[in-house]
Amino acid sequence: MLHFAGPEVDEIFDTLEDPEGEADTDYEAAVGKLTKYFAPQTNIAYEVYNFRQARQNQGESLDSYHVRLRQLAKTCDFTDIDKEMKEHIILSCTSNTLRRRALQDEYSLDKLLKVGRSLEISESQARHLEGRDQAINSVRGRNRSYQMRRNYSSREDKPPTHFSKKNIHTSKQSKEPHQTCRNCGGHFPHKQVCPAKDKDCRACGKRGHFARVCRTNPPKSKPVNAVAQSLDKNRPNDDEADEYEYVYTVNKSPNGPPICLIEIEGQRLNIMIDTGASVNLIDETTYRKINRHGERRLEKAERHIYSYGSSVPLPVLGTFIATIKTPDMSTVAKLHVVKGSFGNLLSFVTAKKLNLFQVSVNAVDVPYPECLRQDYKCLFGGIGKVKGRLIKLHIDPQVKPKQQPHRRIPFHVRKDVEKELERLEKLDIIEKVDGPTPWVSPIVVVPKDSGEVRICVDMREANQAVKREKHLMPTVDDLITDLNGATVFSKLDLSSGYHQFELSPESRNITTFSTHVGLRRYNRLLFGINAAAEIFQNAIEEILAGLPGCKNISDDIIVFGRGQKEHDTNLRGVLERLKQYNIRLKEEKCSFSQSTIMFYGHIFSAEGIKPDPKKIDAIKAMNPPECSSEVKSLLGMAQYVSRFIPDYAKITAPLRSLTKQGVDWKWTEEEQTALDNLKEALAGDKVMTYFDPRKKTEIVVDASPVGLGGLLMQEGNVVSYASRTLSEVEARYSQTEREMLAVVWAAEHFHLYVYGSKFHIITDHKPLLGIFKSSKSTSTRIDRWKLRLMPYDCQLFYRPGRNEENLADFISRHPNASEVQEQNVAEAYTNYVCINAVPKAMTIDDVEVETQKDPTMQAVIKAIETDNWSTPEVQEYTKIKQELTVHKGTILRGNRLVIPPTLRNKAVDLAHIGHQGVVKTKRLLREKVWFPGIDKLTEEKIRNCHPCQVSTPESSKRSEPLKMTPLPSGLWKEVCIDFAGPYPSGEYIMVVIDEYSRFPEVEILTSTSARAVIPKLDAIFSRQGIPDVLKSDNGPPFTSLEFKKFAEHLGFQHRRITPYWPKANGEAERFMRTLGKSIRTATVEARNWKQDLYKFLRQYRATPHSTTNISPCEALNQRKLKTTLPEPDLPRVIYDDIQRKMERRDAEQKSKEVELRMFDDR
1 MLHFAGPEVD
11 EIFDTLEDPE
21 GEADTDYEAA
31 VGKLTKYFAP
41 QTNIAYEVYN
51 FRQARQNQGE
61 SLDSYHVRLR
71 QLAKTCDFTD
81 IDKEMKEHII
91 LSCTSNTLRR
101 RALQDEYSLD
111 KLLKVGRSLE
121 ISESQARHLE
131 GRDQAINSVR
141 GRNRSYQMRR
151 NYSSREDKPP
161 THFSKKNIHT
171 SKQSKEPHQT
181 CRNCGGHFPH
191 KQVCPAKDKD
201 CRACGKRGHF
211 ARVCRTNPPK
221 SKPVNAVAQS
231 LDKNRPNDDE
241 ADEYEYVYTV
251 NKSPNGPPIC
261 LIEIEGQRLN
271 IMIDTGASVN
281 LIDETTYRKI
291 NRHGERRLEK
301 AERHIYSYGS
311 SVPLPVLGTF
321 IATIKTPDMS
331 TVAKLHVVKG
341 SFGNLLSFVT
351 AKKLNLFQVS
361 VNAVDVPYPE
371 CLRQDYKCLF
381 GGIGKVKGRL
391 IKLHIDPQVK
401 PKQQPHRRIP
411 FHVRKDVEKE
421 LERLEKLDII
431 EKVDGPTPWV
441 SPIVVVPKDS
451 GEVRICVDMR
461 EANQAVKREK
471 HLMPTVDDLI
481 TDLNGATVFS
491 KLDLSSGYHQ
501 FELSPESRNI
511 TTFSTHVGLR
521 RYNRLLFGIN
531 AAAEIFQNAI
541 EEILAGLPGC
551 KNISDDIIVF
561 GRGQKEHDTN
571 LRGVLERLKQ
581 YNIRLKEEKC
591 SFSQSTIMFY
601 GHIFSAEGIK
611 PDPKKIDAIK
621 AMNPPECSSE
631 VKSLLGMAQY
641 VSRFIPDYAK
651 ITAPLRSLTK
661 QGVDWKWTEE
671 EQTALDNLKE
681 ALAGDKVMTY
691 FDPRKKTEIV
701 VDASPVGLGG
711 LLMQEGNVVS
721 YASRTLSEVE
731 ARYSQTEREM
741 LAVVWAAEHF
751 HLYVYGSKFH
761 IITDHKPLLG
771 IFKSSKSTST
781 RIDRWKLRLM
791 PYDCQLFYRP
801 GRNEENLADF
811 ISRHPNASEV
821 QEQNVAEAYT
831 NYVCINAVPK
841 AMTIDDVEVE
851 TQKDPTMQAV
861 IKAIETDNWS
871 TPEVQEYTKI
881 KQELTVHKGT
891 ILRGNRLVIP
901 PTLRNKAVDL
911 AHIGHQGVVK
921 TKRLLREKVW
931 FPGIDKLTEE
941 KIRNCHPCQV
951 STPESSKRSE
961 PLKMTPLPSG
971 LWKEVCIDFA
981 GPYPSGEYIM
991 VVIDEYSRFP
1001 EVEILTSTSA
1011 RAVIPKLDAI
1021 FSRQGIPDVL
1031 KSDNGPPFTS
1041 LEFKKFAEHL
1051 GFQHRRITPY
1061 WPKANGEAER
1071 FMRTLGKSIR
1081 TATVEARNWK
1091 QDLYKFLRQY
1101 RATPHSTTNI
1111 SPCEALNQRK
1121 LKTTLPEPDL
1131 PRVIYDDIQR
1141 KMERRDAEQK
1151 SKEVELRMFD
1161 DR
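Under full-length UniProt numbering, the first residue of the sequence shown is numbered 1, with each subsequent residue one higher.
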């Protein structure tokens, strides 16, 4: 047996102890010894947990489930397996009938399985005999009719309608002993006033009766949504009703609501399918029925829920997750509990998962526009190139060209950037730059929702040299004049409008940008140029010149006509003109033959023009103030436009009285009426005005801890109000970031009005002025926001004032909760940078895949296998050919992986995490990998590493040789301790380092007192053991009585070094210098220094020490530490003489004259 098992098993067998009385030659004993050795160790608690989590699957037979449980129970160490299995089957089986029978009588496991098989067989046979489309799980029952009230959209009371077990499509009113009211159709006489009193009939329009009893226009018989419940004839009493399952079928009716019966957590209930609902709703009454035992807890709802056309959210009490069942399907879904008892709704997604309906889409027949789209199919899709027009940028020769430094792109983003650059080159949007160029701008890489990246050029410096063109923008008055009498409208949207216009050759150099693969420049107009908006607007106007019935604002074109025929003629003319110039449209954003259309912030229709109601939503949705300071803030905003409000003093008198000193706070009907009147006045025609591009435009912004606010104003009049709440992430921003977010959000919110024109942004946060004027890099979020403001010609102005003097203060503190929050682009960009800033770990699979792709590596593999080294590709490997082997598709040099060319930069980046010096980075690399030119590439990388250059101090020459401390007698015998800090966060770092292995233990403290140090030191000693000697300086924690008692208690010697001579604690002091460099580089790169600290420790502990030539982890723990660098799967090294090697190496190093080298472990 040992012969066939192999030499490794034979060696293991020799190390195993022989049981007493058994010889080595006993076969059974040998098998038992090996089985005991190789058998996997099991965690009983975890195996029992897996057993308890098992559930019978839908469609799984009871016997199959029993076998699966039997396998799980093998490793659970149960005393009575049959008893545990029987109890678990009763709890987790899918048959309610079997469960109830087992609870009624005491069944053994065998009897339980027998009864279960019988139920399954009878169920299968009954289903086959009855031949029904749906599964009938009823065992026995009796005839019984169930009644259900019809749900109507009106609030009229309806008499109950009875249904039999058959599907009924007509309803007849049953005979009742009481009289029926001829006006409402209910019981007569009424206990109170008749419900139909003063109500209008929906059939004839007369007052005093309901439509269902109308004698002028009698109602026609309507089919109803019948819920049929199929029962067997021998059903027992009602107490056993829960033991039986029923088939619920929804009879679709074209006129009534689709009602069905479902089961939620064992409770059957009526629910209406609402294909327009995005969430599942149940009322409070239903939830109490489901949660009758009080076992469930509602979780807080993540978002507000609104009914159609309402701005007031529903009163949601909370949410919970439950299993929803029908006879054939089941699914797990989230349900929202709404206060009251208004019924239940099943959402589109959940109903579709339960297969309760089928979707059928009927296309709307609009023949002529559809014919136009077919005729001009070439206009939709792709990015066009306008014929016969070149865009010329006017460059100011007095502005000195500037070549900005390149912004380094993270390694793991570079492939995505290269792919995007290649795509833009194929589309002829950008081109490579050859030769000198006066302008160079950096780029910022921004993630898209699709997973791709967008390249944004930082044109802020270059824009200073671009002269802006002045072209007239159409006003609202122009649109009203042109669209007067129009009844049919279409809107066209250009696809990547700017990129469809080609730049003249002399205008391209200013768009040059730098990437890691060289310089590129734009052939087309790009979004970041400050003059692009006016140029683009004028170019589109010139293209459409002479065409009737069309207007454009930027890349949006509106086509209109007094009738359908005139509209279609105008539309055909516009499409023909766009086709002549090779312009492309984005089909999903185009709309055709509309009776109402939104354009330029207004709604145009056959009835005329009216402003967009969203412009005053921020005012209408404001909540009442809650204190006198908030009233002052509200009146501060109103005071600014008070000259336009008639009777302003009279309207605001009740509010102003609340701001007086000594007046108690109250909010009665009088104050609420005053607030409503003020809100109506602020949203009225006297205060608000149409936007006029010829007038000076201001945006007043403010940010509060809960929301953002903004007002678009012209000459003291308000054009539009806007506000929105902050997300949970945004609420944690600093005040400067919130104020900057308010600026960016307001500019983009009012984009339609301010894009392409010069405007002012007013803020009360003065630090933003310095951020705006500076071109230096700031935080990642603010840098991204500054790029988003590049297309706007705006100036930021500071207007001081307290909260009540800031116009936007009140609406920022009472934001519009119904305002849809846009995607947090800045946060997505920040996360993208953080995720991709650090190289990901490299695996053996990565090396194997890249080795297979690389022709040189394949040539080396072939040379190794054939011993033919004559080909040119393998010449640099010839000198070490005796050390090379092929292992599982990769190449090894000794026990190190040979890295293919595509992964070499990444390997050096991974080794340089923690920013160790040249020597240590090389040592870490050579421990695991090798490739030609490894030293040169490593030195070049670290020489060009900006954080290393900034944070590495100048080396100082030693004035005299030092006498080295002898190596301790063993591992963790003598340790030294020291502190670093405090850091800006107020925290300190405590380092304990073993002088034998050089293994460091690091803890973060908030204080260096003995009470703070002793628990951390005790934790280290619990992991590594108590040393013989602890060496420290004479700091406060080490001279205290508490520390002396701690040393006596654990039994180690506390040795304090000579005062004012830190070199006596040289091992700790030297490590502090290396550790300090790592923290400084984290600060330079604006990274979390604590995270970088742990990355540095991982690298340091795995790197061979320059003195011992063995890594600290390997020396202390007798094993190599796994890092992000790949390593071959080789047999484990036996560390038998590691102590002798370390002592010899330590003696050799200390006997040499030390030479300082550049970048050497600094």
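Worth flagging that the hints you see were computed from the coordinates, not collected in a lab.
The structure displayed is predicted, hence computed values, not measured ones.
Careful, some of the hints might be misleading.
What the hints assert, rightly or not - Here are the computed lysine-lysine pairs in the DSS-like style, where the Cα-Cα straight-line distance is at most 27 Å:
no. : residue 1 : residue 2
1   : K325      : K467
2   : K758      : K467
3   : K491      : K419
4   : K419      : K1016
5   : K679      : K936
6   : K325      : K385
7   : K1120     : K1016
8   : K392      : K415
9   : K339      : K377
10  : K334      : K289
11  : K334      : K377
12  : K491      : K377
13  : K579      : K491
14  : K385      : K565
15  : K467      : K491
16  : K695      : K679
17  : K881      : K415
18  : K936      : K881
19  : K853      : K941
20  : K1120     : K1095
21  : K377      : K679
22  : K679      : K666
Unchecked claim - Computed spacing ranges between beta-carbons, pair by pair:
no. : residue 1 : residue 2 : range
23  : S122      : P195      : 50 to 58 Å
24  : S124      : M598      : 58 to 66 Å
25  : A1012     : T35       : 46 to 54 Å
26  : R268      : A1019     : 34 to 42 Å
27  : S124      : T596      : 52 to 60 Å
For every residue, glycine included, the Cβ atom is placed at its ideal position computed from N, Cα and C.
How the hints compare with the structure:
Between K325 and K467 the alpha-carbon distance is near 67 Å, which puts this suggested pair outside the 27 Å criterion. For the given pair, K758 sits about 13 Å from K467 by alpha-carbon distance, which is consistent with the 27 Å threshold. Distance restraint check for K491 and K419: the Cα-Cα separation of roughly 34 Å exceeds the 27 Å cut-off, and the hinted pair is therefore not satisfied. Straight-line distance between C-alpha atoms of K419 and K1016 comes to about 50 Å, which puts the hinted pair past the 27 Å bound.
Under the criterion of a C-alpha separation no larger than 27 Å, the hint pairing K679 with K936 is inconsistent with the structure, at around 72 Å. Taking the CA atoms of K325 and K385, the gap is near 56 Å; set against the 27 Å cutoff, the hint is violated. The hinted pair formed by K1120 and K1016 meets the criterion: a straight-line CA distance of about 26 Å does not exceed 27 Å. With a C-alpha separation of about 33 Å, the suggested pairing of K392 with K415 is violated against the 27 Å cut-off.
Taking the CA atoms of K339 and K377, the gap is about 52 Å. The hint is violated against a cut of 27 Å. For the given pair, K334 sits about 17 Å from K289 by alpha-carbon distance, which is consistent with the 27 Å threshold. Distance restraint check for K334 and K377: the Cα-Cα separation of roughly 44 Å exceeds the 27 Å cut-off, and the hinted pair is therefore not satisfied. This hinted pair checks out: K491 and K377 have alpha carbons roughly 16 Å apart, not beyond 27 Å.
Distance hint between K579 and K491 is fulfilled; the C-alpha atoms sit about 16 Å from each other, no more than 27 Å. Restraint check: the Cα-Cα separation between K385 and K565 comes to about 31 Å, which exceeds 27 Å; the hinted pair is violated. Between K467 and K491 the alpha-carbon distance is near 32 Å, which puts this suggested pair outside the 27 Å criterion. At roughly 26 Å between alpha-carbon atoms, K695 and K679 fall within 27 Å of each other, so this suggested pair holds.
Among the hinted pairs, K881 with K415 is inconsistent with the structure: their alpha-carbon atoms are about 33 Å apart, more than 27 Å. A C-alpha spacing of about 21 Å is found between K936 and K881, which places the hinted pair at or below 27 Å, so the restraint holds. Under the criterion of a C-alpha separation no larger than 27 Å, the hint pairing K853 with K941 is consistent with the structure, at around 25 Å. Among the hinted pairs, K1120 with K1095 is consistent with the structure: their alpha-carbon atoms are about 16 Å apart, no more than 27 Å.
Taken as a hint, the K377 and K679 pair is broken in the structure, with Cα atoms around 49 Å apart against an allowance of 27 Å. Our distance criterion of 27 Å between C-alpha atoms is met by K679 and K666, whose separation comes to about 19 Å. Roughly 51 Å separates the CB atoms of S122 and P195, a value that falls within the hinted 50 to 58 Å. Between S124 and M598 the Cβ separation comes to about 60 Å, which falls inside the hinted range of 58 to 66 Å.
One distance hint, 46 to 54 Å for the beta-carbon pair A1012 and T35, holds here, with the actual separation near 52 Å. Under the hint 34 to 42 Å, the C-beta atoms of R268 and A1019, about 57 Å apart, miss the expected range. Evaluation of the 52 to 60 Å hint for S124 and T596 yields a pass: the beta carbon distance comes to about 59 Å.
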